[in-house]
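Chemist: From first to last, the protein sequence lines are chains A and B.
Residues in the first sequence are numbered consecutively from 3, following the working numbering.
Residues in the second sequence are numbered consecutively from -18, following the working numbering.
Calculated from the structure, these hints are not laboratory results.
Idealized CB from N, CA, C, for every residue including glycine.
Incorrect hints may have been included.
Claimed, not checked - DSS-like mimics (lysine-lysine), calculated; alpha carbons at most 30 Å apart, straight line:
(1) B:Lys474 x B:Lys502
(2) B:Lys396 x A:Lys80
(3) B:Lys2 x B:Lys404
(4) B:Lys404 x A:Lys80
(5) B:Lys322 x B:Lys10
(6) A:Lys80 x B:Lys474
What the hints assert, rightly or not - Some chain A residues close to chain B (C-beta under 7 Å, calculated; not the full set):
(7) Trp40
(8) Ala89
(9) Phe104
(10) Leu108
(11) Phe109
(12) Ser115
(13) Ile143
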Amino acid sequence: MASTTHANPNSYYLPAPSHWPVVGSVAVFLLMLSLVMWMNDVNGGLLVMAAAFAVMLYFLFGWFGTVIRESESGLYNKQVDVSYRWAMSWFIFSEVMFFAAFFGALFYMRALSVPWLADAETGDLLWQGFKSAWPVSGPGIEETFTPMGAWGIPAINTLILLTSGLTVTWAHWGLKKNNRGQLTFGLLLTIVLGLVFLSLQVYEYVHAYRDLNLTLASGAYGATFFMLTGFHGFHVTLGTIMLIVIFFRALKGHFTPERHFGFEAVSWYWHFVDVVWLLLFVLVYWLV
Amino acid sequence: MEAVHGHDHAHDHHGPTGIMKYLTTTNHKDIGSMYLWFSFSMFLLGGAMALVIRAELFQPGLQIVNPEFFNAMTTYHGLIMVFGAIMPAFVGFANWLIPMQIGAPDMAFPRMNNWSFWLLPPAALLLILAQFTPGGPAGVGWTLYPPLTIQQGMSMDLTIFAVHILGMSSIMGSINIITTVLNMRAPGMTLMKMPLFCWTWLITAYLLIAVMPVLAGAVTMLLTDRHFDTHFFNPAGGGDPVLFQHIFWFFGHPEVYIIAIPAFGVISQVIPAFARKPLFGYSSMVYATASIAILSFLVWAHHMYTVGMPVQAQLYFMFATMLIAVPTGVKVFNWVATMWKGSMTFETPMLFAIGFLFLFTIGGFTGLVLAITPVDVQLHDTYYVVAHFHYVMVAGALFSAFAGIYFWLPKWIGKMYDEGLGKLHFWLSFIFFNLAFFVQHFLGLAGMPRRIPDYSLQFTDFNMVSTIGAFGFGLSQLLFLYIILKAIRSGEKAPQRPWEGADSIEWTMLPTPAPYHSFEKPPVIR
């Protein structure tokens, strides 16, 4: 570790050679390979996946642990802090563009491809009698489904996520006032709200598959519904894990009222998944 | 601000040695070199695949490979050249040059920089594994259009995940570059004083962060359509194969500029150096580059005129595409105006830059031809398109990469290359390139379709010429390898400024070869 260096407000910290990136590459390679094996029923896929997750955990603990130790020993000056802010902002922008691809697919299907399939030419040639509508599974799918209503669990989940946005901000106020109790309690509330959201989301999926016959195979509606809410749920999961890490760091006494970008980065991310959810609630659940 | 290093190894090179040095390095120069060598090895691999294609097309009929393998070669030639050769080459330049040109000690995130590079070999490994899976390599074209991609075997999944890893690498690399340019500049190095190469990479990195996730989304939908019963690209479920093309080209058109814009940056540094005049119209260059980047998001469907779009959409995409000729014209004008009345000399970098200028302009003009909807309906998926984009990708991006290598090699390794051999490399590349690709315009205009291993007899002569040109071009690149190795082993010692017209700070403020950590203390800019 960088014990030979001293904290100097005028120097930009450049890390020594590190083996963590290559460990990460091994983890990513094993993970991708195992997914291909699993999807194609190759023997040993799950074994490789278990190895991938083990290496991935080692990698995440190792790299983030190193960064946290460097940060706590005061190696990062103001300029390094600004670098982290730029990086997190652009990372979130990349996530926005990932979701944009799936929202684009949703708009395209609703506004263009489903109506085209029902118009005079295509309808007569391929699927006579198909009427354009939304939600719809598509002209070639016999099985019917019931769409997910907006005002049950999804509305409750909207309230939960909006509240969690408030609690994480309340925790931030506590941190800035150096009120550690408010910080940790606010974080704990946010984590609990995140976990409740995720549990309700799992319950909703079970309900969709078991009672509504709404599955990934339910054509245009099923694909966009599950891919959009699924990737959102995956991001909430990551956000919750990040919050848990921040919670334990707060308990250990990390962060000062002036310097706490680790906390802020997580709260930015949490607000980002919040905003994505609002778009989902309006465009996927509500306007049907 | 000065730099502080983990382990006090700033002035010695004790740290890990051998292979471990390169696996663990956090130095922008080591990482830049790894990018460039990786890029060159992928260039040879992708080039060998191109030669398989050209060998098969030497004569009509099927002689050497079966059609499935031919399709796989066109697919992986495209993927490997775009993602493995050209893009990493310019990231290599970015790593080497940006810290030296803005007066920084290194990139903003040296460890993440290492990871961006070391994600490339796993992706390449997946693409190589894809050649040996049951069912054979996927012969779907680098554009990965469904429904064909839905019907392929395991190689398709390996390809999809390779694209995911390449995307991660690009996004992290781009975040690093943007942060470095915005936050690591020496005091006094204002944005509008930066060498143009840094500007072009700032804009390119923005494009990459905006579109690589969209590509990730597109291939994820392919994956779920293949394995998890979704119907994104299947009309039976309300989807549409054309939806993939829209999402893909929303990535794919900016991708063209992701490749071209750093090339513009290199050319904008080489031409002033050898014309011994400052770049004409610096700020208009910056604005033109930004305009090209913004317009590149608004023109994607000119790749899809034949899919049956409404005519209004075709008209919009036609005019929007032609609009790009305006900022591109500004650039070409400025390069020519820079040379106007300059006291020019024609060393190898300048030869490649002028070669770039002529041939890229031809590629730009054929691009305008293809932008015209009724013309494109005739030329779509013919060899005219192949000729067009090889003028942009090879004579554009690759020639500018060669110009950049010859230009900065003395600064990087402290030794000169063999000027005579360099000039020979240029002339061989220039002649064989045109032999290989100029005739393809005629083939396309006469109606020869691309991605087909056989052709009608009347196309034979031009195909033979093209194949001879392609093999000549490929062999000429072995000369390039020899020139570089010779320079490294026994090149003459280079002076601090081998090019008297080069005036950015890596020439004026750093010794040659550049020290391991570029600027330990920030330089004072004017």
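Chemist: Need the status of pair Lys474 (chain B), Lys502 (chain B): alpha-carbon distance at most 30 Å?
Modeler: 26 Å, holds
Chemist: Regarding the hint that Phe104 (chain A) lies at the interface with chain B, is the smallest CB-CB distance below 7 Å?
Modeler: Hint holds; Phe104 (chain A) Cβ to chain B Cβ min 6 Å, cut 7 Å.
Chemist: Quick one, are Lys2 (chain B) and Lys404 (chain B) close enough, alpha carbons at most 30 Å?
Modeler: The given pair, whose Cα atoms are some 35 Å apart, is violated under the 30 Å limit.
Chemist: If you draw a straight line from the CA of Lys80 (chain A) to the CA of Lys474 (chain B), is it 30 Å or shorter?
Modeler: Violated: Lys80 (chain A) and Lys474 (chain B) sit about 41 Å apart, past 30 Å.
Chemist: Would you check whether Leu108 (chain A) satisfies its interface hint, that is, whether its CB is within less than 7 Å of any CB in chain B?
Modeler: Violated. Min distance 10 Å.
Chemist: Does Trp40 (chain A) pass the interface check with chain B, least Cβ-Cβ distance below 7 Å?
Modeler: Violated - the Cβ of Trp40 (chain A) stays beyond 7 Å from chain B, reaching only about 9 Å at its closest.
Chemist: Classify the hint on Phe109 (chain A) as holds or violated, based on whether any CB of chain B lies nearer than 7 Å to its CB.
Modeler: Violated, because the Cβ-Cβ distance from Phe109 (chain A) to chain B comes to roughly 10 Å (cut-off 7 Å).
Chemist: Within a Cα-Cα threshold of 30 Å, do Lys322 (chain B) and Lys10 (chain B) meet the stated pairing?
Modeler: 36 Å, violated
Chemist: With a cut-off of 30 Å on the C-alpha distance, tell me whether Lys404 (chain B) and Lys80 (chain A) pass.
Modeler: Roughly 49 Å between the alpha carbons, so the hint for Lys404 (chain B) and Lys80 (chain A) is violated.
Chemist: Just to be careful, I want the Cα atoms of Lys396 (chain B) and Lys80 (chain A) compared with a cutoff of 30 Å; is the pair within it?
Modeler: 39 Å, violated
Chemist: Would the hint on Ile143 (chain A) stand, with a C-beta cut-off of 7 Å toward chain B?
Modeler: At 6 Å from the nearest chain B Cβ, Ile143 (chain A) passes the 7 Å test, so the hint holds.
Chemist: Would the stated hint for Ala89 (chain A) survive a check requiring a Cβ distance to chain B of less than 7 Å?
Modeler: 5 Å, holds
Hint compliance for this structure: hints 2, 3, 4, 5, 6, 7, 10, 11 are broken, all remaining hints hold.
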